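Place chain B on chain A using the hints.
Protein chains: 2
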Amino acid sequence: MTLDYFALLLASGPEAVKLPLAMLVVFASAKILDELFERFHQPGIVGQILAGVVIGPSVLGWMAPNDFLAALAELGVMFLLFRVGLEVNASDLIKVGPIAAWVAVLGVAVPFVLGWGILRLWGEPQIESIFVGAAMVATSIGITAQVLAAKGLLQERASKIILAAAVIDDVLGLLILALVSSLAKGTVNVLELALTATLAIGFTVIVVKWGTKTMKKVVPRVREQLRGAEAQFAMAMILLFALSVLAVYAGVAAIIGAFLAGMVLAESVGHRVQDLAQGVTEFLVPFFLAGIGLHLSLSALSNWTTVTLAGLVLLAAMFSKFIGCGLGAYRLGWADAARVGVGMIPRGEVGMVVAQIGQSLGVIGEHVYAVVVLMSVATTLVAPPLLKVAFRGLAKPSEAEERFGIG
Amino acid sequence: MTLDYFALLLASGPEAVKLPLAMLVVFASAKILDELFERFHQPGIVGQILAGVVIGPSVLGWMAPNDFLAALAELGVMFLLFRVGLEVNASDLIKVGPIAAWVAVLGVAVPFVLGWGILRLWGEPQIESIFVGAAMVATSIGITAQVLAAKGLLQERASKIILAAAVIDDVLGLLILALVSSLAKGTVNVLELALTATLAIGFTVIVVKWGTKTMKKVVPRVREQLRGAEAQFAMAMILLFALSVLAVYAGVAAIIGAFLAGMVLAESVGHRVQDLAQGVTEFLVPFFLAGIGLHLSLSALSNWTTVTLAGLVLLAAMFSKFIGCGLGAYRLGWADAARVGVGMIPRGEVGMVVAQIGQSLGVIGEHVYAVVVLMSVATTLVAPPLLKVAFRGLAKPSEAEERFGIG
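Chains as they are written, first to last, in numbering that gives the first Met the number 0: chain A, 0 to 406; chain B, 0 to 406.
Chain A with its partners taken away, still in its complex shape (with noise of 0.2 Å):
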């Protein structure tokens, strides 16, 4: 079959297969890479992510990013954060919050200042650079979530602590990222501003604190009461989707609530709600590795002034990532530092949907976009083998064989 067929299969076949196609050529070639990247001892999940890179525009030109694989994606990551959480205790996250704190703090900061510096420096516009010093401060933590969940990690000091700052990390990352909405709209309500900064605080420590006693109490009586065939499952898949929305009104992503929806669940809810929940990632969680890869577009960076400036914020994003986490997280020893920093160094989603805004609002220009976008994948990219080498020593394969029943 040459690549010209099946481009053509793709754009010109029947309507009925459109779907089934579609949810084929993700799939397997994200499944495909995976298993060719572990076979030479690299992480599968960058092979997932570059199966995207292979198949998007970028090089065989077989699909483009679209609503439904992005909203396949956003359902992926949703699920991987809720499946995780499911592995965390809220009292765990509680006890390593004030250095989380710190960890999130400098850990946004320090990239904030630093891709603002590098874009003024460069001759940039004022609000541009503001803008690109944005998308350098929120991580995305499913990648990091991913690998540490296969690894057998997620119970390490420096995983509760990645997992703990992220959540912080996220209210920051969206604090500013409307902070810079307002300045590029020319009006900032520091009244709305600190009502935003609340509702994201409050809703957070309300579910952290209360959530698990709750549902200690609600789940088994769910279990007792309820007749429909796997209840319990379908209870918590309303919790995922209801913390999610209460989660977007509050001012933090919807993937923070349904993280904090596996948390407080993780006490009460049976091995059934894993497995199930467990074959729901599996299945979706291709789709968010593979489609942070189709949303790269090499041809944009064609000129030598942009591919130096793409290196340049890359390497960026990496060492201030890296350092302010590190830093905020140094009195643990710079073992656990440098695991912590390397586990928010990931950007994916995240920094592409700021340079999104900045575009749609009309102050991100097309070079500096294709910018954005290369440090978010590059940024996920590097993260996996750098984190196997951080952690090496630690890794529980049997563990993770227990509890994700991975074999």
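FYI, nobody ran anything at the bench for these hints, they're computed from the structure. Among the hints, a few may not be true.
One copy or two, either will do: identical chains are not told apart, so a pair holds if it fits within one copy or between any two.
[Said to hold, decoys possible] No farther apart than 35 Å at their CA atoms in a straight line, the calculated lysine-lysine pairs in the DSBU-like style are these: (1) LYS387 / LYS208; (2) LYS17 / LYS208; (3) LYS17 / LYS215; (4) LYS94 / LYS184; (5) LYS212 / LYS94; (6) LYS212 / LYS17; (7) LYS387 / LYS94; (8) LYS184 / LYS216; (9) LYS216 / LYS17; (10) LYS184 / LYS17; (11) LYS215 / LYS94; (12) LYS94 / LYS216; (13) LYS184 / LYS212; (14) LYS208 / LYS94; (15) LYS215 / LYS184.
These numbers come from a predicted model, not from an experiment.
Here is chain B on its own, set in the frame of chain A:
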């Protein structure tokens, strides 16, 4: 929270909330009505379809059918049939083949003639009458399969005949659709139709006959060789989508490909794949069921002429399938013949698709379209309680519990 406020949120909430909110509204309403119906000893599946009617344009107006929900619904019915396929052995289907062929042929001929006859007597044009006949032909196996699976009845003789007949019925239905579509366009190419028939039958026979044997050789090798986590599940998903794609190109529905993918894997994959696939199925099936209800538009049934025609068509759709399929299976005795007849009644999404094609070709008018949709939804709603009666005494909930993990 008033209804208006809720509708407003759905229409104008922030962009990031739309996906989780749509998921929440559809999934939660389906599962809540499911639970309510089970509590009053009614089939939960009917509750889930009615949830779509309630949140849809006819009643609350919270949701309208859209591309994303349609895609989730199609994935849902694909996974449902894949999951059912995992419980069915190809050799069993081949054994019941001859009777199933009679069931399918008579179950196609009687509804077609009756549907066409009623519309002609009602004074509708020839081509519109033929289209309504065609819309009454194809059984939506998803509904019956879900009921039989949940009640642990898939191993009954009548269930196997229903599944085998549904596969043949689907091939016949798509051939008839191809024929009437070319009639509507004014060009009937006999050679092309014969080619379509050969391809469809050839594909199905090859997969049923050699698929299981091939997979018995391939799956153990995959188990030994692949390194990725949950590699067996990934391979099952790839086969699911690949056979769905091939099915469409061979002129069969994607869901039949999904069913065949499950069936050829039935004897080789382990429990883990069943559990993970069950997770995806549990997650997606509410979108399939509520999605059927979402299409019902009661406002088109505002005048008595249309309501009378709808009543006539509905009665004809029920009795013609019951009698046609029952006659095909009369050799098995009246009890099994009745079970088969009842199991083939639901038209669900298949009838609606035919009506939509008729509308897009300009041969089905608005009120006849509404009549066909009502027939599709109503046959789907009456089947589960009728199945309950027909299979009384055979239900094995404990077995279903074991296989599907219900409880």
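Each hint tested on the structure:
1. LYS387 / LYS208: within (32 Å within a copy, 46 Å between copies)
2. LYS17 / LYS208: between (46 Å within a copy, 27 Å between copies)
3. LYS17 / LYS215: Between copies only: 30 Å across, 44 Å inside.
4. LYS94 / LYS184: Result: close neither inside a copy nor across copies, 40 Å intra and 71 Å inter.
5. LYS212 / LYS94: within (17 Å within a copy, 55 Å between copies)
6. LYS212 / LYS17: Cα proximity of LYS212 and LYS17: across copies only (29 Å, versus 46 Å in one copy).
7. LYS387 / LYS94: within (25 Å within a copy, 54 Å between copies)
8. LYS184 / LYS216: Neither way: LYS184 and LYS216 sit 47 Å apart in one copy and 63 Å across, limit 35 Å.
9. LYS216 / LYS17: between (45 Å within a copy, 30 Å between copies)
10. LYS184 / LYS17: Between. Shortest inter-copy distance 24 Å satisfies the 35 Å Cα cut-off; intra-copy 40 Å does not.
11. LYS215 / LYS94: within (20 Å within a copy, 51 Å between copies)
12. LYS94 / LYS216: Classified as within; 23 Å inside a copy, 52 Å across copies.
13. LYS184 / LYS212: neither (43 Å within a copy, 65 Å between copies)
14. LYS208 / LYS94: Only inside one copy: LYS208 and LYS94 sit 12 Å apart there, 60 Å across copies, limit 35 Å.
15. LYS215 / LYS184: neither (45 Å within a copy, 62 Å between copies)
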